Amino acid sequence: MVLLGKTNSNATLHVRWGSLMGEKRIVRSSYGNARPRRDFPMLARLYLAGRLNLDDLISRRLELDEINEGFDSMRVGDGVRSVVMMQH
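Numbering (our numbering), first residue to last: 1 to 88.
A few of these clues could be false.
Across the chosen pairs, the derived CB separations fall in these ranges [as the list claims (entries may be wrong)]:
| # | residue 1 | residue 2 | range |
| --- | --- | --- | --- |
| 1 | Ile67 | Lys6 | 40 to 50 Å |
| 2 | Ile58 | Met21 | 34 to 44 Å |
| 3 | Thr7 | Ile67 | 16 to 26 Å |
| 4 | Leu4 | Asn53 | 15 to 25 Å |
| 5 | Leu64 | Arg16 | 21 to 31 Å |
| 6 | Lys6 | Leu54 | 17 to 27 Å |
| 7 | Leu13 | Gln87 | 36 to 46 Å |
| 8 | Tyr47 | Thr7 | 33 to 43 Å |
| 9 | Tyr31 | Ile67 | 17 to 27 Å |
| 10 | Val84 | Arg25 | 34 to 44 Å |
| 11 | Leu52 | Arg16 | 34 to 44 Å |
| 12 | Arg25 | Ile58 | 29 to 39 Å |
| 13 | Gly77 | Arg45 | 24 to 34 Å |
| 14 | Arg16 | Met86 | 37 to 47 Å |
It should be emphasised that the hints constitute simulated quantities derived from the structure, not laboratory data. Keep in mind that this is a model prediction, so the values were computed, not measured. Beta carbons are placed, not taken as given, at the ideal position from N, Cα and C, and that holds for glycine.
All chains should be modelled from the sequences, with the hints used to inform the complete structure.
What follows is the structure, given as structure tokens:
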């Protein structure tokens with residue numbers, strides 16, 4: 001079982017002991033194997049150069065005044081990724 005993403009550090013996971021039989025294990029992953037200080041700038045450069053397509057991963061763009069709708073959508077699992085568009 002792989003647990004992805006960030007969550008409350010005090011969250012509890014209940015797993016039936018028998019489901020781990022056969023040398024199964026639980027793995028937690030946050031950013032995969034990335035090292036943010038090193039990798040995020042590189043990913044930003046690739047995106048800006050048109051070599052990394054992130055736009056297709058965005059399911060919804062929101063204005064700042066729609067942020068509560070974005071959180072509501074996230075709570076019910078509607079959409080993969082919402083982006084808040086900040087006006088300059």
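Where does the structure disagree with the numbered hints, that is, which hint numbers, in rising order? 1, 5, 8
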